[in-house]
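Asks: Chains as they are written, first to last, in this note's numbering: chain A, -17 to 294; chain B, -17 to 294.
It should be emphasised that the hints constitute simulated quantities derived from the structure, not laboratory data.
The C-beta atom is built at its ideal place from N, Cα and C for all residues, glycine as well.
Hints are not guaranteed to be accurate.
Said to hold, decoys possible - According to the in silico footprint, chain B covers these stretches of chain A (three or more CB under 8 Å from chain B): (1) 33 to 42; (2) 65 to 75; (3) 82 to 90; (4) 107 to 118; (5) 171 to 184; (6) 269 to 282.
Claimed, not checked - Once the Cα atoms are required to be at most 25 Å apart in a straight line, the calculated SDA-like pairs of lysine to any residue come out as: (7) Lys151(B) x Ala111(A); (8) Lys151(B) x Ser267(B); (9) Lys232(B) x Tyr269(B); (10) Lys154(A) x Tyr269(A); (11) Lys201(A) x Arg85(B); (12) Lys151(B) x Asn112(A); (13) Lys134(A) x Arg194(A); (14) Lys18(A) x Asp130(A); (15) Lys201(A) x Glu113(B); (16) Lys151(A) x Ile206(B); (17) Lys201(A) x Asp54(B); (18) Lys134(B) x Ala67(A); (19) Lys262(B) x Ala(-1)(B); (20) Lys201(A) x Glu53(B).
Single-letter residue listing:
Number of protein chains: 2
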Amino acid sequence: MQLGIQNIGVYLPEGRASNLGKLAEFEIDETFVVEKIGVRSRSIMAPGESTTDLCVRAFADLQLRGGPVPEDVDCVVVVTQNPGANIPHLSARVHAALNLAERCACFDISLGCSGYVYGLSAIQAFMAANELSNGLLFTCDPYSPIIDLADKNTSMLFGDAASVTWIGKSPKLVGGRFTFGTLGSEHAELTSASSAGPLSMNGRAVFNFAARYVPADVKELLAINSISVDSVDRFIFHQGSKYIVDTLRKLLRLDPEKVPFDIIEYGNTVSSSIPIILAKDLGESAYRTFVLCGFGAGLSWASVVLTRPSDL
Amino acid sequence: MQLGIQNIGVYLPEGRASNLGKLAEFEIDETFVVEKIGVRSRSIMAPGESTTDLCVRAFADLQLRGGPVPEDVDCVVVVTQNPGANIPHLSARVHAALNLAERCACFDISLGCSGYVYGLSAIQAFMAANELSNGLLFTCDPYSPIIDLADKNTSMLFGDAASVTWIGKSPKLVGGRFTFGTLGSEHAELTSASSAGPLSMNGRAVFNFAARYVPADVKELLAINSISVDSVDRFIFHQGSKYIVDTLRKLLRLDPEKVPFDIIEYGNTVSSSIPIILAKDLGESAYRTFVLCGFGAGLSWASVVLTRPSDL
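Assemble the whole structure, with the sequences as input and the hints as a guide.
Replies: Printed below as a string of structure tokens:
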């Protein structure tokens, strides 16, 4: 049986910081905040809340949706570039917090906004090669600790969150072929020197990169999966900003109904942005075929087609 | 054709720091340094030398051994917990430095001394699932920037290095089944809070963990691969210290000739310790069957059997 997505748990901290208080400081108006950035308030992890806590709370949400019992979990992968500590890997700390089995394989993947799609391929391939049955793919990349609040380029965008995707043998969605790419020559456009930050982003360069590379990548993805644009029910793009999602939708001439934009009350949650939306869409049986596309730090991108196994 | 190890490039910085100058400070003698720790001098990266530089120099060594031309590389994975910067991933910076293709998939894996074995499985599985042909698995985890030189537990052990393993379709060695494990409950025994360190290690606890878990793991590995201890030519253990390698050899009753200890002039190079030895052994045609076993931060461990494809 092919491995795929059985369910998804999500955790958004309750804390919010409003962007509307920044209008005067950055000489912008509310229309810009709502229509261009698309983020009115940003989710902020609580003081003392750790990256391990974020993952544990996402797992608790997965449990409410019928997730696996901890003793059955045999693989944990956490996608993060802000793990909270460099050594050991966050997946080992999550392993401890969830009291997982000794024979559970754990590692972290360092990727940013392309990380969920890369991670889906990496964990499924690793599990299949090693005959594992119940994997947890976490995304947990809180940016609030590395943001300079005086930086107009980054301080109104990002929200803290975590997600966990249960990979198993009774999937609701299975992956087709993936595409991956890297434009390392532009890696300096989005950086954080240390685990203390600060994040530095050339927003214009990252936008131009996405607008140039993502539409061509999606077309190639559809071609290698032998499906048409019309047969896709949902295009879930990384939620970088409203402006980039709108731009990608227009460049690809997609039906607006098919292209969710969800982040106005919590912000760009990096590698969690796609699974937060997919968690909602997973239960909608009318949605049969999905395209996921992540893009960001690296600069890098990754895309995949997901379908209902009963449609194969 | 099964993917496997085509060749390995290695980079050890020329700089060395001697442990013999620390005898008085730590109230130890030379016998302890040579026979217990097994590290007389530690390799140290040069001031201004970056993690990207270490990887590029390992790749240059691979090129001398007939490595792939950069335009053919379609996958790069870097194993590190000291990437030099948190964002972006080190593999993207290496992608830029080597001028790799846009369709090259790149990500980092965060693991310590078990990372090479985990990484072998992860990159091979990822490449097979995505039909990739020429992968580079780097290890690059320089500890000198995070070591407190006054800490007796950590300051005499570690050396800086990098390696790159070319994964392709004309392998010299192919993997059998892997074993993986995690003891997250003891993760606090080996930590570094931030990218600036300092490394903190309970050496006794990590030693006890390895002496308890690794022999049982190796026995299980041999069983699931249906091979005997006698049929293995080389047991390459992570080179944590001379004392742990000697202890594992004795607990498993292995022929000393089969168990290399190599690090006296450069130190424990974390995830590079196994590939540095394997790079030498790869060309020895008398060595047909290898066991690799890594263990460390997490706490975690991973093992694999490698064989010559012509023997399958």
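Asks: Checked against the structure, which of the hints given earlier come out wrong?
Replies: Per hint list: single violation, 1.
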